[in-house]
Structures are given as structure tokens and as C-alpha cells.
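J.: Going down the list, the protein sequences come from chains A and B. With the working numbering, letter number 143 in the first sequence gets 143, and the count goes up by one each step, no holes. So the working numbering is basically just the index in the second sequence, starting at one, shifted up by 347.
Just so you know, not all the hints are guaranteed correct.
[Stated by the list, open to error] As a list, the in silico DMTMM-like pairs of lysine to aspartate or glutamate whose alpha-carbon atoms are at most 25 Å apart:
#1 A/LYS100 / A/ASP116
#2 A/LYS282 / B/GLU532
#3 A/LYS149 / B/GLU532
#4 A/LYS205 / B/GLU421
#5 A/LYS282 / B/ASP641
#6 A/LYS282 / A/ASP130
#7 B/LYS469 / B/ASP429
#8 A/LYS149 / B/ASP442
In short, the hints are calculated from the structure, not lab data.
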Amino acid sequence: MMLASSASAGERRLSESHLKDGALVHEAFREVVAHANGATVAILDSGRQIALGVIVSPDGLILTKASDLSDNLQCRIRRHGLVPATVVSIHNRYDLALLKVELSDLPVVTWAEGRDPAVGQWLATPGMEDLPVAVGIVSVGRRPIPPEKGVLGIQLSEGNSGPKVTHVVPGSAAARAGVQIGDVIMRAGDQRVENPQSFDQLLHKFAPGDSVSVVVRRGSKQLTVRAVVARATGTPQTRGYWMNRMSGRMSRRRAGFPQAIQHDTVLNPEMCGGPVVDLSGKAVGVNIARAGRVETYAVPADTVKLLIHELRGGPAAALERAGDDRVDGEDSRPKVPPAPAAAPRRK
Amino acid sequence: MIRYDNRSKRNRQRRHTVTIAGYLTAIASCWLGSMAALAAEPVTRPLPPVIHAERPSGLPEPVPRSAADLRAIETRVRPIVDRVRQCTVGIIVGDAQGSGVIVSEHGLVLTAAHVVMTPRRKVIVVLSDGRHLEAHTLGVNVGTDCGAVQIADPGPFPACKLSDMQALRVGDWCVATGHPGGYQEGRSPVLRLGRVVEFHSGMLHSDCPLLGGDSGGPLFDLNGNVIGIHSRIGARTSLNLHVPVSLFLRDWDRLTRIAAPQTDGESQSMLGLDGQDDPHGARITLVFPRSPADQAGLKTGDVVAAFDSQNVTGFQGLQKLIQARRPGSVVKLRILRDQSQREVRATIAARPRE
Chain A
1 MMLASSASAG ERRLSESHLK DGALVHEAFR EVVAHANGAT VAILDSGRQI
51 ALGVIVSPDG LILTKASDLS DNLQCRIRRH GLVPATVVSI HNRYDLALLK
101 VELSDLPVVT WAEGRDPAVG QWLATPGMED LPVAVGIVSV GRRPIPPEKG
151 VLGIQLSEGN SGPKVTHVVP GSAAARAGVQ IGDVIMRAGD QRVENPQSFD
201 QLLHKFAPGD SVSVVVRRGS KQLTVRAVVA RATGTPQTRG YWMNRMSGRM
251 SRRRAGFPQA IQHDTVLNPE MCGGPVVDLS GKAVGVNIAR AGRVETYAVP
301 ADTVKLLIHE LRGGPAAALE RAGDDRVDGE DSRPKVPPAP AAAPRRK
Chain B
348 MIRYDNRSKR NRQRRHTVTI AGYLTAIASC WLGSMAALAA EPVTRPLPPV
398 IHAERPSGLP EPVPRSAADL RAIETRVRPI VDRVRQCTVG IIVGDAQGSG
448 VIVSEHGLVL TAAHVVMTPR RKVIVVLSDG RHLEAHTLGV NVGTDCGAVQ
498 IADPGPFPAC KLSDMQALRV GDWCVATGHP GGYQEGRSPV LRLGRVVEFH
548 SGMLHSDCPL LGGDSGGPLF DLNGNVIGIH SRIGARTSLN LHVPVSLFLR
598 DWDRLTRIAA PQTDGESQSM LGLDGQDDPH GARITLVFPR SPADQAGLKT
648 GDVVAAFDSQ NVTGFQGLQK LIQARRPGSV VKLRILRDQS QREVRATIAA
698 RPRE
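Chain B with its partners taken away, still in its complex shape (with noise of 0.2 Å):
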């Protein structure tokens, strides 16, 4: 969501961030623009070195129970402090701000998707020491709020590295850094503490309290490792969810492999519908409201065996037939419900751009 700002015009600036939303029911994957068949040449980025996280030993668990105790967790957190805020960055987006964090020494940042919204468009990251540079938006997963940007500028960066989460427990301590309120002048990357209160695949919370501007920042494990990206807050101080890190090391390829900014008149084909690879072809596991996919009657559970007489080989061959056509063309599907078969028609439609 937005932040306005009554301020004077240089920095008014809308703030993007921290949405207070309910929390997704399933994992849509609602990918923007990711799909090899445009024109530009994809760049593949080799993955960025994971480590597997050591539990940071010493720390007093469940609980720190005295002063030397919290001194254990400060003397973790001291030495981590100058690397966690150099790779954070400030994000601007036209009138909006979100922040990141530089995952690799060539410039790639993790951002979050309702930060940028859009591939393949022109974006600034301000660095920690204020530096204003230019970049441009990669992939953009909408439906598990994930962002990836490129610095244009070669580098080398300070880079944080990502963690695995493997070993990751509930009660683990954390860091998170951005710029709550959208960057300013003369203040540095903004480092609070917390505990991880819970965590899933699917999202994590901790009690670090975020603010609209941190969206898309990092929360670091006390080894320095990323363990999240900032995407929404509740009403309690200690509500704060975030990203789960793995969700962009799932989706890794897709994320980062766009090459160049968008140019005009590029649109995506897309009959709006999410799904995973099926023995028969494509399950259907959401159809998003009013979309060709909706307004064809498809349902969740329909598996799409066939695509204009083409077999359908997993949701990724069914958006590669997808992405094939024009926008207004309509096609054929062949879909299996309750044991039965029927064929239905839908128009595929152009996804919407900012």
C-alpha cells in the first residue's frame, strides 16, 4: 500500500510497504513478464552462495536469563552491524520507496514485488553511503510478494549472503534494516532486533518492528545471512511478516533472469490461472476473479490437458503455449474434471501493466 506524504514536493514521495492485509491463504504464483519467449536475451544469474546457517552457538536458549546473557546475543550482533547495513539499500519507484538488499557483488537486489510491481522498469537504488544509481526490475512474483532487481552500474557491491533456513528455529534472534518512512538524508539503514515467532514455507514473522519504507528490506540471521524480505505488518508492534527467503531461492531462475528494461509495446499473454505439473497436464490450483481463465468457467482441480490440440506437459509447458499466442486469440482447452472430459474456449487476454 501507499504512503502519501504532505511534505514538501522533493520528498514527497509515496511510500511503499508494509500493506496491512490478511495473510495469503495459498502461495499464488502470479508471475509478471518471467517468461523466456520475449525478445530480450535472458541473462541467467549463477545462484548466489547459500550457506547452510550454523546455528549461531553461545546463545542463551529458550531465553537469555541475565545480563550475561544478553551480553552473548549483543556480542553476536555487534560484529554483523556495518556489513548488514551497507548491503541495505533504498528502493524508488516513481513517487514510491521500498528498500532491498544486495545479494551479490555484481548488484543484484531482493526486493519485495509490491515495491516494484512491474518487471523491466527503471527504478533507483539509493546505497547506504547515499549513492543514487540506476537499475531496473527482474522478475516479479506478485502472489508471494517476491522482487529482484539489477544495478546498472558494475560494481563490485558489499553483498550479503542467503541463508538456506535450514537451520532456523522458532526463537531464533534477528535483525532487520531498511528505511522506515522512505530513505533519508544523513540516516543511516534503520537496525532493529527480534525474536522469529513462527515461520512456514510460506511466510515468516518476527517481532522487529517494521514501518511503511522497509518493505522489501532484509531480516538477517545474527551470522549476517538473509533470512527474509520485508512485505506486511499488523496492528501490534510484533506483528511483522516477511518473506521467506527460500520462496526466492525456489524461484530463483524466474526472478532474475530478465536482461534489459521494457521497452513500449511488449504485453504478456496470460488466461490468468496458477497451477503445478500433473500427470495428465496442468492442474488448476487458482483461477483469479474475472479473468479468461474465470469467465471460461474453469475451476480449481481441472487439470488442462490440452491446449489447441497440443498435449499440455506441466504448468510451465501450458505458459509456454500461453505466452506462444496474442493477446485476443482464442483458444481451445481440453479439460479433465470428475472423471470426465469437456472442451472449453477462452480468449487469451493481455496481463495489465502499470
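Just chain A, with the same shape it has in the complex (with noise of 0.2 Å):
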């Protein structure tokens, strides 16, 4: 693949800090991101930046992308350092999560009022630095990102005793689970599956990044293994990929989304999960997702205010679930489960 070289044959040229994200331009928003600096904080999984976050609590919660976040986490705030932080929900269907540090009267982030911001307007994502991560503009008004379809990587047939693998693509989420020809599929994310078509459809409901289950029977034993489900366009034979791929990398998780918020602000996926600031410096939304070239997704914030209630609200708290309530374009509130003893953690 051949790139345009950036020989400016002789012509006047502008530098690299005068572009539209160039450091002179961040420069201009250094007072834009100052208040909304303090609330905002890095999250880091065994010292590795993973996530963004946003303080909506003085005593420390912290709201984040969910689907890169582990068991080992730690949160880097200003004049606090790093400090450890726990998973106490998350909202599958958003993926955000709140978590909990062990501090107060922490700064609390200061959402916009009223409608999002119009397309054409700035947008800049405050860091852990002065000066904003990056900049950009909406690009197109709130709307529904309906979710990719997931893929295992496996051929199934029927079987006497339930459906038996019989091809395992190489290379595939379900070949680096380790499922294996001859397999039997017993359960998938919980659920008995009795046959190919039903285990299709309950592939259905996960996205791409998601992480699912799987128990089969391979002669005489039992077992486990857990798949991270893969897109179905995402493979190096699509012209798409590659030109993704090759603008930098994407967030995981880069659809299924209720409603977001377009914008052209070029970030890493380790700089999603944390506030995005229109010129008033108020946060009009998180960004959720990095999800190619020329995109990035951010939940608004009037949709943000109703999840953090519900990931705080007890009963109404939605837990990690296998995406049933995963229907295309649809704005619902997650069901309601029983709740818990204890805050759940993910696992």
C-alpha cells in the first residue's frame, strides 16, 4: 500500500503546531478545559493508561468506559496521585461503568444544560494535562449507532447430543478460546444451546469486544472457555479495515450505542471514557468510543445524568449482562434484576 508522501515541492506549507489540532490551537483552549481539568482523571490497569474518567461525586465516584477495564485498577487524580479504584456497575448497553476510590471532596464534573451542542461546534477532550488531549468539532447531531454483528469463528452441526463444531477458523475468537473441532456446545453466555440456529441467535446479542462463556463437552469432559466475540467486517480481507487500521487504532467496543454524539476529534482509544467539553467548558457528554478515521462517539450528557442515577441507584442498577436487552436503535432503560447482596464486580 502506497502513502502520499508530504514533499511540499517548494510551496509554503503550514507547520505541524498551527494545524487544527496542532499545539498552538490546543494553546487557545487552555483556559476552555480548565475547569472541567479537575474533574477529570486517567484510568490504569497494572500502570498502563486504559481509560479516561469524570468525578460525579465529591466522595469518589468516577464514571468510565466499561468494556476495557479490569480487575486491577487504579485511578490517577490531580493532587492525589494514583489510587486504587473499584468496579461498583456498569450499564452494558452504554458501556460505562462507576467506579469507587476511596477519597472525598473530590471536584465534581459540571454538565451543559439544555440542547447538545449544534454540529460545526468545538469540542475538546480535558486530559491529565493543561492543555486538552485533543480537539474537534460535532460532526453529526445525536443519533443511534446500531450495534456490529458478532462473530465466533465456528461451523456448527447438528449432533445427537447438541451442536457439534465442525470448523474452527483459524485465527478466530472462538480458535484463540480454544474450542475445537468435535467440540459439543453445551451453553453459550449462560444459556443452554439446543442447536446451530439457536446458538446463532444468541451470538446475535453480543457485540464485538464482548467477552461470552462458552461450555463444551469434548469427550468425556467438561469445560470451559471464554471467547472475546469479533466483528464480522473487521478481518484484514476489507479494504475498510485497513484503512481504519491504519489512521491508528479503535476502541473495541466502537457500536452499539443508544445515542451519541459524532465528532472529528482524533483520539486514541485509551483517551475514550472521560469528559468532552464544548467552549462554555461545560461537559456536553462522554466519550464512548473511538471508532475509525474520522469518528468518535461521545454519549450526551442529558443521557449520561440518567445513567450515573441508575449505575448509583440501587435495584435499578443494570449489572453485566449478556446484551438481551441489545435491540437496534432503541433508547429503554435496562431491566430491572433482583439486586444483589453486595455491589457486583465484574468479573
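Got two chains here, each in a separate frame; can you build the complex from them with the hints?
T.: This is how it looks when you write it as C-alpha cells:
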């Protein structure tokens, strides 16, 4: 693949620092992000930043992107340094998680009120420095982002005792999880699998990036394997894959949001999960995914506020689930499961 | 280049776009089918209004330094958003998709040559409100990546004006629209903001990020006038290349003249060369590899002085002479090279079609 060179052939050329997302333009945003900086944190896993986050209560509740989290989390918070963080609850549909750190009197984010930022308005993403991580504009107004179809890379056929694996695509999600030809699929995502059709239907509810546990019978043994669902279109055979890939990495979970504002800010996936502000300095949303060379999605502020309420509020809080409420485009509230005795931890 | 998509059959369309390629080293005029010798009655379209773009005033230069400066830019962008999106179209060409911009209320659309590929073929234009309309391609210049399309419906359509680019400067703020990834039901044309990084007569480079599907879509100045048509990208998100609209204006007649969709059985005669006017005839500026001109031994710098004993008067004159001959004919060319004269024979070929 040939790349366009950046030879200037003697013509005048705009320098790096003057680009729309260059250092000098970032400097102009210093006052814009000053307030939101205080409420912006970094989420680390084993010392490596995996997301940004936003402080939503003074006693240490932090909102961030859920799907890249692990069990070994820390937050880097201005004036407090690195502190351990635990997962309180997760909203699967919007891929948001509420974390808790043991601190008090933290500065809380200020959300914008009223209408969404309009197409063409500036947006800035605060980070852990004084200047924003990146800036851009609103590209498309709020709309549903349909989920991507997920695949595991196995073929099944009817068997006497259940659907039997007849083929495992090399390098596929199933292959990486250790599924073998001859395995009989018993359960997937906590549900019994009767035949190949019901397996397909079950899989339809998972999005690329979701983790699904699969119970198989192999000979006389029963095994549980865990597979990370892959996207059907995101293989090296598709040209769109390369075009997006060569422009930087994307978030693993980057679709299936009931409502999102699209903007043209260039972010790395580990810079998602934190607030995004307009020129007033107030947060108009939370960056939820880097989805391609030209698109980053943010959950709008009014939606985020409702989700925080649900994530905090006991029985209405959404628990990690196998996407049973994954409906294309619907913005319905999560169903109310029986409240567990203790705050659930994401496995 | 083509983008393949393994989704459902209905959505499985190859998205043309933004090819990843090296810069053109010369502006080759590779005209496809815009010659007056064709049977169809040529329709000359009136030039669209051209705005001599007064520089948008009140914009911070060379760079915004404060929130107030940023607001000044935002204040110039917001009023043009609706119009630039209304003029932006998707173009579906067989399995492939690109973008375009309506530049006349009668439905003339500018796009990239690599989106439409050949003249006088049927395509579908998708308006920003989702309506799918029949259209056909007009002239195509593969060398400059210019193309044009005419919507069959008489309209009127929302249209944008073209900048004559006289007032354009490096650093000017600009907005891009288009359909990255191909047209999506429920998604308006996607707006991006950037600055002119550099430009010359053959190419405009901005840092508005583009993607496959955007090809042929428009780049606007902050007056809302078209300054470029999306063409190619590089690996860096800041490397995005557009055809300057001045190239469309330069070749306006040839781009917009064809009337009706092509019927089967017609072919275009060609020798495979490009050139310019010369006092002695036509000076060759490009010889296409493996073309009849190449096989006849013609070289860049040669001047074609006579064509089958007829004096050649300029490059367009030479093209007319070529077009008047059938593919397969052997023609005699008198060539001037290094102050000497020679005669070569070449066999007219048919221009390859899709």
C-alpha cells in the first residue's frame, strides 16, 4: 500500500503546531478545559492507562468506559496521585462503568444544560495535562449507532447430543479461546444451546468486544472457555479495515450505542471514557469510543446524567449481562434485576 | 481504490474513495469521452456562479489564541453548516460508493473521476434527505481526478457556489462533508473542520480527516464555497488531499458537456498521449505506457506536426483528428524531435471502457 508523501515541492506549508489539532490551537483551549481538568482522571490497569474518566461525586464515584476495564484498576487523580479503584456497576448498553475510589471532597464535573452542542461547534477533550488531549467539532447530531454483528468463527452441525463444532476458523475468536473441532456446545453466555440456530440467535445478542463464556463437552470432559466476540467485517480481507487501521487504533467496543454524538476529534482508545466539553467549558458528553479515522462517539450529557442515576441507584442499576436488551436503536432503560446482596464486581 | 464490505447483501457495496497513492507527478489530462465528434448532441452548461472569495473577516490569524478566537471561528462555521450538508450527495456507481456536491440548482454534481470512472453511465445520487435519484456521469478526467454527474430530475436543488480560489491562503479554515464509509440511512453528511495545509494548481492538502466513501465530496471555505473535491488520503489523519476546484473550472466545458447516457457499441479512439499546443502542432507531454503512441516510439517532447498529411494545429486539433478515425486505422504522423523530422506510423486503439 503506497502512502501519499508529504513533500511540499517548495510551496508554503502550514506547520504542525498550526494544524487544527496542533499545539498552538490547543493552547487557545487552555481556559476552555481549565475547569473540567479538575474532574478528569486517568484509569490505569497495571500501570498502563486504559481510559480517562470523570468524577461524578465528591466522595469518589468516577464514570468511565466499561469494556476495557479489568480487576486491577487504579485512578490517577490530580493532587492525589495514584489510588486503587473498584468497579461498582456497569451499564452494558452504553458501555459505561461506575468506579469508586476512597477519597472525599473531589471536584465534580459540571454538565452542560439544555440542547446538545450543534454540528460545527468546537469540542475539547480534557486529559491529565493543562492542555486538552485533542480537539474537534461536532460532525453529526445525536443518533443511534447500531451494533455490529459479532462472530466467533465456528461452524456447527446438528448432533445427537447438541450442536457439534465442524470447523474453527484459524485465528478466530473461537480458535483463540481454544474451541476444537468435535466439541459439542452445551451453553453459551449462561444459556443452554440446543441447536446451531439457537446458537446463532444467542450470538446475535453479543457485540464485538464482548466476552462470552462457552461450555463445551469434549469427549468425556466438560470445559468452559471464554471467547471475545469479533466483528464480522473487521478482518484484514476488507479494505475498510486497513483504511481505518492505518489511521490509528480504534476502541474494541465501538458500536451499539442507543444515542451518540459523533465528532471528528482524533483520540486513541485509551483517551476515551472521560468528559468532552464545548467552549463554555461544561461537559456536553462522555467520549465512549474511537470508531474510525474520522469518527469519535460521545454519549450526550443528558443521557449520561440519567445513566449515572441508574448506575448509582440500587435495584435500577444495570448489571453486567449478556446483552439481552440489545435492541437496535432503542433507548430503553435496563430491566430491573433482583438487587444482589453486595455491590457486584465485573468478572 | 475499492472498499469491500462483508455485511448483508443490501449493504454490500464497495466504497470508492480515498485511494491511497503517491502524489501525481504531473497533471495528465486523460480525457474520457468528452469529444465533440460523438453522435449525441453536446449540451453546453452555463458556468455556475463563481464567487471571488473575499477572505472571511474577523478570523484570528495566524492561529486562535483564546476562547474568544475559537468562538470567532465557530461563529463563521455554524451558519454554513445546513447549506453545505444539503448540497452534499452520495453517489452509488454499481457496487461502489462515493460522494459529490451539487453546484447548480439544475442538478449538476461535481465529484472525483475515480468515483464515476467513465462518462455517460447511469448512477444514483443520494440527496442529504435520503432521496435516491437517477443520474448519469458527464466528463471524467482520470489524470486530475475530476468528474461530473447530472441528476435526471430537473430540480431545483440546493446548490453551492465555487470559489475561484484567488483569495485562498495556506492556513485558511475549511470544512469537509461527505459520506465516509458510504451513505448511511439516518446519518447526515459528516462535517469535519480543518485548515488548508498547502496547495498549488494541482492539489490541495487539508487536515480535515477523510475516509473511504468521502471521495468526490466537497471541501468548503468558511464562506461556504467549494474549494476542493476529496481525492486521496495518507496514513496520518492530517494528510488528506483534494482536487482544487480551479481544475474543474479550467476544464469546465469538457467536464460538463456530455448529454445523454452512453449507448452500447460506441468506442473512443485514442493514441494514448497527452499534450499541449505548440507553434508547430502539438507537443507531447505524456505518453501512456503500452499505448499505441508508446508502441510507435513517441516520446515526451516530440511535436506532432502532421497527422495523415493534415497539419496539426494545437493539441485539441490533434485530438479531433484522432477521434475522427476508427480504432484499428493506421495513421501516419510527422514528428519533430531534436530539430529533425521523422515519420512514424501508429494504430488507433479503442479507449478501454468498464
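J.: What hint numbers does the structure not satisfy?
T.: Per hint list: 1, 2, 4, 5, 7 violated.
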